[in-house]
Structure formats: structure tokens, C-alpha cells
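Protein sequences, first through last, are from chains S and B. If you read the first sequence in my numbering, its first letter stands for residue 102, the second for the next number, and so on. If you read the second sequence in my numbering, its first letter stands for residue 214, the second for the next number, and so on.
Errors might be hidden in some of the hints.
[What the hints assert, rightly or not] Part of the chain S face toward chain B, derived, beta carbon under 7 angstroms:
| hint | residue |
| --- | --- |
| 1 | S186 |
| 2 | N198 |
| 3 | Y199 |
| 4 | F205 |
| 5 | A209 |
| 6 | S223 |
| 7 | G404 |
| 8 | R424 |
| 9 | M426 |
| 10 | G430 |
No wet-lab data here; the hints were simulated from the structure. Cβ atoms here follow ideal geometry from the backbone N, Cα and C, with glycine treated the same way.
This is what each chain is made of:
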Amino acid sequence: MFEAILLSRLQFGFVISFHILFPAFTIGLANWLAFLEALWLRTRKDYVRDLYFFWLKIFAVSFGVGVVSGIVMSFQFGTNWAGFSTAAGNVVGPLLNYEVLTAFFMEATFLGVMLFGWERVSHRTHFFATCMVALGTLISTFWIMSANSWMQTPAGYEIKAGVFYPLDWWAVVFNPSFLYRLPHMVLAAFLTTAFVIGGISALYLLQGRFEDKAWLGFKSALAFVAIVAPLQILVGDATGLQVRENQPAKLAAIEARWETQSRVPLTLFAWPDEAAERNDYALDVPQLGSLILTHSFDGTVKGLKDFAPADRPPVAIPFFAFRIMVGLGFAMLALAWWGLVKWKRGTLASRWYLRAWLWMMPSGFIALLTGWFVAEVGRQPWVVYGVLRTAEATSTNVPASSVLASLIVYVVVYLLVFGFVTWYLLQMLRIGPVRAPQRRAIRTAARPLSLGDEEL
Amino acid sequence: MTAEHVLPVVWYLIIGFAVLMYVLLDGFVLGIGILTPFADDDAQRDHMMNTAAPIWDGNETWLVMGGAGLMAAFPRAYSIVLSALYLPMLAMLIALIFRGIAFEFRFKARRSRWVWGVAFNVGSTIATFMQGLILGAVVEGMPLQGGKYVHEAAFAWFSPFSMLTGVALVFGYALLGATWLILKTDGRLQRIAFDLTRPLMLGVIAFMLLVSSWLPFLDPRLMTRWFTWPSFLYLSPVPVLATLNAALLWRAVLRNEELQPFMLSLCFFVLGFLGLVSGIWPNIVPPTLTIWQAASPPSSQGFVLVGALFMIPAVLAYTAYSYRVFRGKVAADSGYHH
Numbered sequence: 102m103f104e105a106i107l108l109s110r111l112q113f114g115f116v117i118s119f120h121i122l123f124p125a126f127t128i129g130l131a132n133w134l135a136f137l138e139a140l141w142l143r144t145r146k147d148y149v150r151d152l153y154f155f156w157l158k159i160f161a162v163s164f165g166v167g168v169v170s171g172i173v174m175s176f177q178f179g180t181n182w183a184g185f186s187t188a189a190g191n192v193v194g195p196l197l198n199y200e201v202l203t204a205f206f207m208e209a210t211f212l213g214v215m216l217f218g219w220e221r222v223s224h225r226t227h228f229f230a231t232c233m234v235a236l237g238t239l240i241s242t243f244w245i246m247s248a249n250s251w252m253q254t255p256a257g258y259e260i261k262a263g264v265f266y267p268l269d270w271w272a273v274v275f276n277p278s279f280l281y282r283l284p285h286m287v288l289a290a291f292l293t294t295a296f297v298i299g300g301i302s303a304l305y306l307l308q309g310r311f312e313d314k315a316w317l318g319f320k321s322a323l324a325f326v327a328i329v330a331p332l333q334i335l336v337g338d339a340t341g342l343q344v345r346e347n348q349p350a351k352l353a354a355i356e357a358r359w360e361t362q363s364r365v366p367l368t369l370f371a372w373p374d375e376a377a378e379r380n381d382y383a384l385d386v387p388q389l390g391s392l393i394l395t396h397s398f399d400g401t402v403k404g405l406k407d408f409a410p411a412d413r414p415p416v417a418i419p420f421f422a423f424r425i426m427v428g429l430g431f432a433m434l435a436l437a438w439w440g441l442v443k444w445k446r447g448t449l450a451s452r453w454y455l456r457a458w459l460w461m462m463p464s465g466f467i468a469l470l471t472g473w474f475v476a477e478v479g480r481q482p483w484v485v486y487g488v489l490r491t492a493e494a495t496s497t498n499v500p501a502s503s504v505l506a507s508l509i510v511y512v513v514v515y516l517l518v519f520g521f522v523t524w525y526l527l528q529m530l531r532i533g534p535v536r537a538p539q540r541r542a543i544r545t546a547a548r549p550l551s552l553g554d555e556e557l
Numbered sequence: 214m215t216a217e218h219v220l221p222v223v224w225y226l227i228i229g230f231a232v233l234m235y236v237l238l239d240g241f242v243l244g245i246g247i248l249t250p251f252a253d254d255d256a257q258r259d260h261m262m263n264t265a266a267p268i269w270d271g272n273e274t275w276l277v278m279g280g281a282g283l284m285a286a287f288p289r290a291y292s293i294v295l296s297a298l299y300l301p302m303l304a305m306l307i308a309l310i311f312r313g314i315a316f317e318f319r320f321k322a323r324r325s326r327w328v329w330g331v332a333f334n335v336g337s338t339i340a341t342f343m344q345g346l347i348l349g350a351v352v353e354g355m356p357l358q359g360g361k362y363v364h365e366a367a368f369a370w371f372s373p374f375s376m377l378t379g380v381a382l383v384f385g386y387a388l389l390g391a392t393w394l395i396l397k398t399d400g401r402l403q404r405i406a407f408d409l410t411r412p413l414m415l416g417v418i419a420f421m422l423l424v425s426s427w428l429p430f431l432d433p434r435l436m437t438r439w440f441t442w443p444s445f446l447y448l449s450p451v452p453v454l455a456t457l458n459a460a461l462l463w464r465a466v467l468r469n470e471e472l473q474p475f476m477l478s479l480c481f482f483v484l485g486f487l488g489l490v491s492g493i494w495p496n497i498v499p500p501t502l503t504i505w506q507a508a509s510p511p512s513s514q515g516f517v518l519v520g521a522l523f524m525i526p527a528v529l530a531y532t533a534y535s536y537r538v539f540r541g542k543v544a545a546d547s548g549y550h551h
């Protein structure tokens, strides 16, 4: 029979992987909406407003799913990870509470104004609401990345009788990995959204529909990716240096390095054999590993054999997930920079290039998920790296049968929800950015001297 | 008076406030969901949902605030209660998922529209019942041994009392929902809400009496608290005010008042909440775990308190702003965002 801990881990991995897709998408989308509304306020072009309302509808559905699957997360720490909450609640709880106080309320409240307030508030106020929602998504990212980074690189605490006590909140919040991982996540979310916007715009261009709107979306996405994709590669590289310093076992797993060596090769592909502690079918580039991981040709990288087998993370998942993530990152860069060349030559509308964007539409989501697999599986066997083991973090009084039941329920319900979300999003895509509602003249009756479309 | 002594009391008040805000605000939204079967047709059901569509998300956030606040300020209580009530928590969360996405999906759907109508109704009802059950199970008490909940059984929360509080809350939220609809709608739908209010009130009063008379028998210490001098003196206003409140609410409905029934229903809940909390104080997990034993250290509670003191007024201010933006009757044809 399955053990409760394995089931709890599967459940957490499943519900958080499902959840992260939606906030990651809506972080970027909220900022895209703020950009579009600002553009509309400046230009007052109808097609910009129509595009705003199109993406607003997609935002509403995605945000809704993000909210309801997020509530599950905030209770999961208590239901399945009581050991973690008891031990680390003193530190992680306040960070999550700050997220609720500074971000969740703001997002939720101004979302209402954003979705339903078009006819009730002035255009300026409406724009303010959009900006508040966008700001809320970023503040939320700040806190959740701080909490997660603290679990990766704990700092500013002491342990008494197996319980973490915060000593220095500045050190807790701005723990060693936080300022690397925060921009990495924010840029990942932005890229994820940019590829959806670019992909959907490419689809309309291929279909010859909504051309003015589609070009606006497509060119914005292309220009954005061309700047942000290289930036993300630089941030990712800095994150890697930080991992080498703070989580050497994770880095060894990512690179499938067994022996501690200098002048390590870069393993492009291999089949890591954890039992035999070696790589099969390895395709190595000499010295490149040291250059990338340490920024010097003879830098030393720790191998997994330096760690007791009980302290090693699984190797295959971080190893492969990392390669998928990095591969996609460079594919994004190539696609965008090639696009710049085509833009300059005036051949951006070529069908194969638009189709490439269509194919790359899910690339952000895949890179994001694989990136999280690297971060979280690479942290094992710890829940708080080097201090608290995952095995000590579960709820001891929840029977495995209950966890099995909840796991099955979550899988069934989330697949159902995912199916419906996909279905409704496809329907919205089919309809496309049609004419948005004009502001009704409902207020003017009470004020006969005011103009029909005057701002209130 | 040290920080160790004062901060847990402050946090007890803050979390109590968050839970109360949740019960009041999401209470009426869940109440609308419970009452959808009483609507004549789908147009009325749309109308009911539209009265809450712009604000339900903010209302539900108070639940997250309660959960995250509990984890930050009383991590031991958070881990004991949530893991002990594993299955009711699961049921509540799943029900809230269906209730929440119904808001978004119902207005996008065509053929599957009825599915989301049912999801809204069933989701709201189950979420409410589970919340009542969880409340009942906590009030009834979770005996601890060596700092851990003694029962390992998956169904230890099942008891006549927790079932009673579950059903009681369904009636309570439905009353909030009906009086909200009186406030926000007119015509036929408002009439339906008026007609529902009095039977619901009778139900709520009956359940309040049942729960109140059961409470002292759960734990002898509760008996002493309610029926000895001088605590009797402090507590006696609660039942007196509740009786007065019931009478005023009855009269307001008879007179077809629009705002008063909702406000008085909210007061009713506040009184009921005070009654329950005063019964378990100073425990956070009855019968024995006190707020001081469950508290996180002053460094944790103090850190979040700074944020809470600034942010809770701000949250209340923009919540009030959003209710002001969406004030007044909601027209029957006011569409969802499209």
C-alpha cells in the first residue's frame, strides 16, 4: 500500500503544478492589460479597447481558477504538512499572511471594479483598478517567492526543540536565493504570457482575422520577448551560480555530476543511473560545465558522491527538467531575435514564422513547470533545505487512506476544471476580440446637461 | 503584561475578526447559492448571482486571511485543527472550487449552463455545511495528548453536535442570502426573498436555541462559565440582545423594509459568534490548548502585526469603496462582463 508521505507529496506536487499555471499566466496578463488600457487612454483607438476587453475576459476566467486553486494551497500546509507548519509556521506563516494582507485583498477587490465597473467608474479610475490588480499580482509574487526561497536557503532563524524561531526578519525575507529567484519567476511569468499573446495573435494573422488587433499583440509580444528572453538567460545564469554556492547537492543533481571535479564537462544528454552512481550514454562537452557553472575553465563542481545517499536529491527529474527549461529558453531567444531580423526586412508576416509562434505558445508554461520541478525536486530530501526533512514534515495523524481519497478527488476535479477552462478559452478564442461594449448612457438621465460619453 | 501575554490576545481578536468578516461577507454569497433552487427560472438565478459577482472574490479572501493568520500567529492550532479535520476541509475546499468557478463559467457556458447552476447551488450548500461542521467540531473540542490530537480515525469529527452546527449554518447563511437579495433586487425576486426570510428566521432561532442549550453539556467548564457569577453578568447581554434582534428582524420583514433585514441578520451573526467565542475563550483548540500555548513567538506575531495594523484598515477602506461602486439595486438584465 502507498504511504501517506508519498501520497501527500504527489498531491502537493499535483495541486501546486496545476495552480502555478494560472497565477503565472495572470501575472503577465494583468500587466499586459495595464499596458493596453494605458495605450487606449492615450490613443482612444477603438481597436485597442476591444483588445483590452478580449484579454480581460480571458484574464477573468484564468484568475478565477487561480483563486480557487490557491485557496486549496493555503490550507494544504495544515492538512497534509502539519509537521512543517508546526516546525516552520513561525517563519513561513507570517510571509504568507503578508501576501494575503498586501496582495490578495487588493487583487480581489479591484478585480471586481475591473470586470464590472466599466459603466460605474471613470476611465481613469478603471485604469487605476487595472494597475492595482497588476501590482497585486507582483506583490503576491514577492511574498510567495520569499517564502519558497527561504525553504531553499533558510536564514535569519534559530531552532529550539525542533521549531524554527525567526531572529532577523530582514534576513528571512531577503534570504540568500530570494533576489535571484524573484526576478527569475517574474520574468518567467511575463514570458509565459508573452508567448500566449504572441501565439494567439499569430493564429489570427494566419486566419486573416482581426488584423490590426493581432498585429498589435504580435509585435508587442515579439519586441517584449526579444528583450526579456536574453535578460532571463542572464538571471538564470546568476541563479545557477547561487545554487552552486547554497545548494551544491541540487546543482550536482541538475548536472548529473557524481564526482567532485574541476574542469567538469557539460553533459548535454545522459541517462543518469542513480543505483550505479554514473551516467550512461553521456554526451559531454569538455570544460564547458566549469565555464557555465563557475564562470572559469577550471572551476570545481561538487559531485553527488560527496553527499550521503540519504541527503541526495533524485537526479533524473532535475537533470531532464533543467535541460527542457534551458532548451526552451534558448528557443525563445532564437525565435524572437530571428523575428527582429524579419521585422527589419519587412517579412514578419511569413506563414511559417507565424506558425512557429503558434507552436511555441505553450513553451512558457512548460519552461515554468520544468523550472519548478528543478527547484522543488532538487531541494529534496529536505523541505527546509539542510534542516528539516520532508519525511518529518507530514501530518502524522492523517491516515494514508484519507490522503489517497483526497488525491483522487483533486485529480478528478482538477482535470474536470482544466477541461472546462480549456473549452471556454477556446470558445473565447473562436469569437476573438470583437467589438467591446460602448459605455451605456445610463448616468446621463439624471444629469441632462452632461454629454453622453463624458467621464464621471 | 509582556508581549508574550498581550500579542496572542491581539491576534485572537484579529483572527476572530477575519473569521467573522468571512462568515458575514461570504455568508451571504454562499446563502445566495443555497437559495438558487427557490428562483422561478434561470434569469432569476443569473440575477441572484449578479448581485454578488463583483464582490464574491474579495469576500472569500477573508477565509484565506483567517487560514494564513492562524498559521502565522498560532501555528500549532493551525496544524492540529486542519490535519484533524482533513476530510471536512477537503470537502469544503472542493465545494468552494465549484462555487467559485461557477461564477466565471456559468456566464460563458451555453449548453452546459445548467451544470454550473447546479455546481453553484451544491457547492455553496456543501461548503456551508462543512464550515458549520468544522466550527462545531472545534467548539466541541479536540483532546490532545503529547501536543497531538488523540484520534487518528479519519471520521473522529463526526458527532451529533457537529452535524447540528452544519445544518444550522446552512439556515444561517441562507438567511443572510435572502436578506441580501431583499436589499439588492426588486420585483418578483425580492418578493421570493421576503417570503423566504421568515421561515429561515424561525429555523435560525430554533437552531440557535438548540446549539446554546447543548453547549453547556459539552464541557462542564462551559456550564460554570455561563452560569456562575460574575461571568454570567458579562455574558447575559448576548442572549438578551439576540432576542431583541430577532424581534426587530421579524418586524422589519413584516414592514417590507429593505436595508434593515440584512443589517439585523448580520447583527444576529455577530451575537451568535460572540456567544460561541466567549464559550471557548481563552482556548484556541478546546478543551485545553490555550492561545498562549499555541502562539508563535512575539517576533513572528509582532512582525505580522505591523503589517496587519496598516493593511487591515486599507483593506476595509477599499472594500467599502467597492461596495459603494456597486451600491444600489442590481438590474435584472445587468450582464456579466461581456
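Hint by hint, here is what the structure shows:
1. About 4 angstroms separates the beta-carbon of S186 (chain S) from the nearest beta-carbon of chain B, less than 7 angstroms, and the hint is met.
2. With a cut of 7 angstroms, the hint placing N198 (chain S) at the interface with chain B holds, because the nearest CB-to-CB distance is about 4 angstroms.
3. For Y199 (chain S), the shortest C-beta to C-beta distance to chain B is roughly 5 angstroms, which falls under 7 angstroms, so the interface hint holds.
4. For the restraint placing F205 (chain S) at the interface with chain B, the shortest Cβ-Cβ distance is roughly 5 angstroms, inside the 7 angstroms limit, so the hint holds.
5. At a threshold of 7 angstroms, the smallest CB-CB gap from A209 (chain S) to chain B is about 4 angstroms, leaving the interface hint in force.
6. At its closest, the beta carbon of S223 (chain S) sits 11 angstroms from a beta carbon of chain B; the interface hint therefore is violated under the 7 angstroms criterion.
7. For G404 (chain S), the interface hint is violated, the least distance from its beta-carbon to any beta-carbon of chain B being 37 angstroms, above 7 angstroms.
8. The interface hint given for R424 (chain S) is violated, since its Cβ lies 34 angstroms from the closest Cβ of chain B, which is over the 7 angstroms cut-off.
9. For M426 (chain S), the interface hint is violated, the least distance from its beta-carbon to any beta-carbon of chain B being 29 angstroms, above 7 angstroms.
10. Taking 7 angstroms as the C-beta cut-off, the interface hint given for G430 (chain S) is violated, the closest approach to chain B being about 32 angstroms.
Figure legend: structure checked against the earlier numbered hints; hints not met, in rising order: 6, 7, 8, 9, 10.
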